[in-house]
Amino acid sequence: MNTRSMGDLFPEPDPFDPALNLEETHIKEGYNDGYSDGLVTGREEGRLVGLKDGFEKGEELGFYRGCVDVWNSVIRVDPSHFSTRVQKSVKAMDSLLQTYPVMDPENEQIQDILNDLRLKFRAICGSIGVKLEYEGYPGGGGGDTKDFSF
Amino acid sequence: MEFHDGAEPKLWELQTLEGHNDRVWSVSWNPVTGSSGVPLVFASCSGDKTVRVWEQDGATLSWTCKEVLEETHTRTVRSCAWSPCGKMLATASFDATSAVWKYVGGDYECVATLEGHENEVKSVSWNASGSLLATCGRDKSVWIWESLPGNEFECVSVLQGHKQDVKMVRWHPNMDVLFSCSYDNTVKIWAEDGDDDWHCVQTLTEDNNGHSSTVWALAFNAEGDKMVTCSDDLTIKIWETDVKQMLSGGGYAPWNHVCTLSGYHDRTIFSVHWSSDGFIATGAADDAIRLFAEGSNGLDDGASLKMVMRKDKAHEMDVNSVQWSPGESRILASASDDGTIKLWKLEN
Chain A
613 MNTRSMGDLF
623 PEPDPFDPAL
633 NLEETHIKEG
643 YNDGYSDGLV
653 TGREEGRLVG
663 LKDGFEKGEE
673 LGFYRGCVDV
683 WNSVIRVDPS
693 HFSTRVQKSV
703 KAMDSLLQTY
713 PVMDPENEQI
723 QDILNDLRLK
733 FRAICGSIGV
743 KLEYEGYPGG
753 GGGDTKDFSF
Chain B
354 MEFHDGAEPK
364 LWELQTLEGH
374 NDRVWSVSWN
384 PVTGSSGVPL
394 VFASCSGDKT
404 VRVWEQDGAT
414 LSWTCKEVLE
424 ETHTRTVRSC
434 AWSPCGKMLA
444 TASFDATSAV
454 WKYVGGDYEC
464 VATLEGHENE
474 VKSVSWNASG
484 SLLATCGRDK
494 SVWIWESLPG
504 NEFECVSVLQ
514 GHKQDVKMVR
524 WHPNMDVLFS
534 CSYDNTVKIW
544 AEDGDDDWHC
554 VQTLTEDNNG
564 HSSTVWALAF
574 NAEGDKMVTC
584 SDDLTIKIWE
594 TDVKQMLSGG
604 GYAPWNHVCT
614 LSGYHDRTIF
624 SVHWSSDGFI
634 ATGAADDAIR
644 LFAEGSNGLD
654 DGASLKMVMR
664 KDKAHEMDVN
674 SVQWSPGESR
684 ILASASDDGT
694 IKLWKLEN
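Respectively, the protein sequence lines represent chains A and B.
Going by the working numbering, 682 is the number at position 70 of the first sequence; the sequence numbering is gapless.
Going by the working numbering, 700 is the number at position 347 of the second sequence; the sequence numbering is gapless.
Okay, chain A solo, but in the shape it has when bound (with noise of 0.2 angstroms):
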């Protein structure tokens, strides 16, 4: 005798199938219920993660376009009081300031345009000879002093 499962023999709903699939049932519900939670708090931890991020690179690329402009106005008032090299450095940081993708956190290039700005700019201050930071400054100044080093 060929066996047959109850589903070939009653084709309508069969009515122990919720019993059946109770536990796959509530894996849905509960998936479900996840998702829509999740989406809440996700976004509103995606907000403040975008809030938090975009302030501090906002923050540092500010920055950084004070010290550009006033490296400028110097080298308007006075072109010799900056050498060549530092003068080449300034502009080259104006132009990288200027690709920044501000409106476009997902590109790739970011990191690597930040971390010529970071260069260029302590290039620049120890040529300079000068000690330029703020509160929260990324990598900040010399801030974790060791007691021993060797």
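What the hints contain is simulated information worked out from the structure, not anything from laboratory work.
A portion of the hints provided could be inaccurate.
[What the hints assert, rightly or not] Quick list of the computed label-pair ranges, beta carbon to beta carbon:
(1) B/Glu669 x A/Leu660: 31 to 41 angstroms
(2) A/Tyr749 x B/Glu505: 43 to 53 angstroms
(3) A/Thr696 x B/Lys440: 20 to 30 angstroms
(4) A/Val682 x B/Cys463: 21 to 31 angstroms
(5) B/Asn561 x A/Asp665: 47 to 57 angstroms
(6) A/Tyr749 x B/Lys440: 36 to 46 angstroms
(7) A/Asp706 x B/Gly631: 51 to 61 angstroms
(8) B/Ser388 x A/Thr696: 18 to 28 angstroms
Backbone N, C-alpha and C define an ideal beta-carbon position, used for all residues, glycine too.
Once you've looked at the hints, dock chain B against the given chain A.
Showing chain B alone in chain A's frame:
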């Protein structure tokens, strides 16, 4: 134990110099002294935040401290280096600055302070012409500065690439190619691609016969075609480059591993230096100084570098630095955690 030319070399202890109040980290010989009647001069730097300049008396041949450079660095001075012309001394400090000193009117004066590193500066080195100064530190970066008229120093480049604390920088003796070694177990080679554009052209990693732990120091032979590196992995390694390619290529040619000397040290090797007549000296954490030289051992195995001498208990504590004197006097200076500097004479 192999012998060099049949007779075992000896290191005679000439003098022990006291004066520093803390461990002595490094010594640097003034390269224009020690010949033509000019008495040998070297500088030492210490955890006591000072630098001392020592001179040998031409008649008595004994050493005295001529000058103490103090009240400038606010923390340990970790490294010092004389410029090739012998007129300037650069010092690197845990206070995150490097200072440049000049001998003016009978006194050493700090004529420039280089700031920029985020924390402890570990090493400083002048290039062959004295136009460039390199520094490196715990912030993982290597800085190149250009020496300009009027004691001005301008930052040419900030080089990032090492993943950890950079322990030492050294310029190649003939070419403007920079070498750095680090807690990240690698040696990096940096070259300029025209107009201030410096970047890493080669990294000697563990995968390519490189060290498997912190690389503490590196040194070149007189010809500049070989380099020795020493490490926390208890080995020293020899590397070589193709000189012809180096000269025709305008500076950089790849460096390749030649051999590894293991089994000779059982504690970290902190310092290594290659004399002009081919002796490699090492200073290690077991308080000993060892000498290696090329010599035939009768076997045809290619690796002809052998340990030729070992001075146990050269110091009471870790030997931090060993440096051969310039000229032909075959004097070795060693600096230690025990706060002393010793002068040794090599006799073969």
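Verification of the supplied hints:
| no. | hint | result |
| --- | --- | --- |
| 1 | B/Glu669 x A/Leu660: 31 to 41 angstroms | 58 angstroms, violated |
| 2 | A/Tyr749 x B/Glu505: 43 to 53 angstroms | 26 angstroms, violated |
| 3 | A/Thr696 x B/Lys440: 20 to 30 angstroms | 26 angstroms, holds |
| 4 | A/Val682 x B/Cys463: 21 to 31 angstroms | 29 angstroms, holds |
| 5 | B/Asn561 x A/Asp665: 47 to 57 angstroms | 38 angstroms, violated |
| 6 | A/Tyr749 x B/Lys440: 36 to 46 angstroms | 38 angstroms, holds |
| 7 | A/Asp706 x B/Gly631: 51 to 61 angstroms | 53 angstroms, holds |
| 8 | B/Ser388 x A/Thr696: 18 to 28 angstroms | 39 angstroms, violated |
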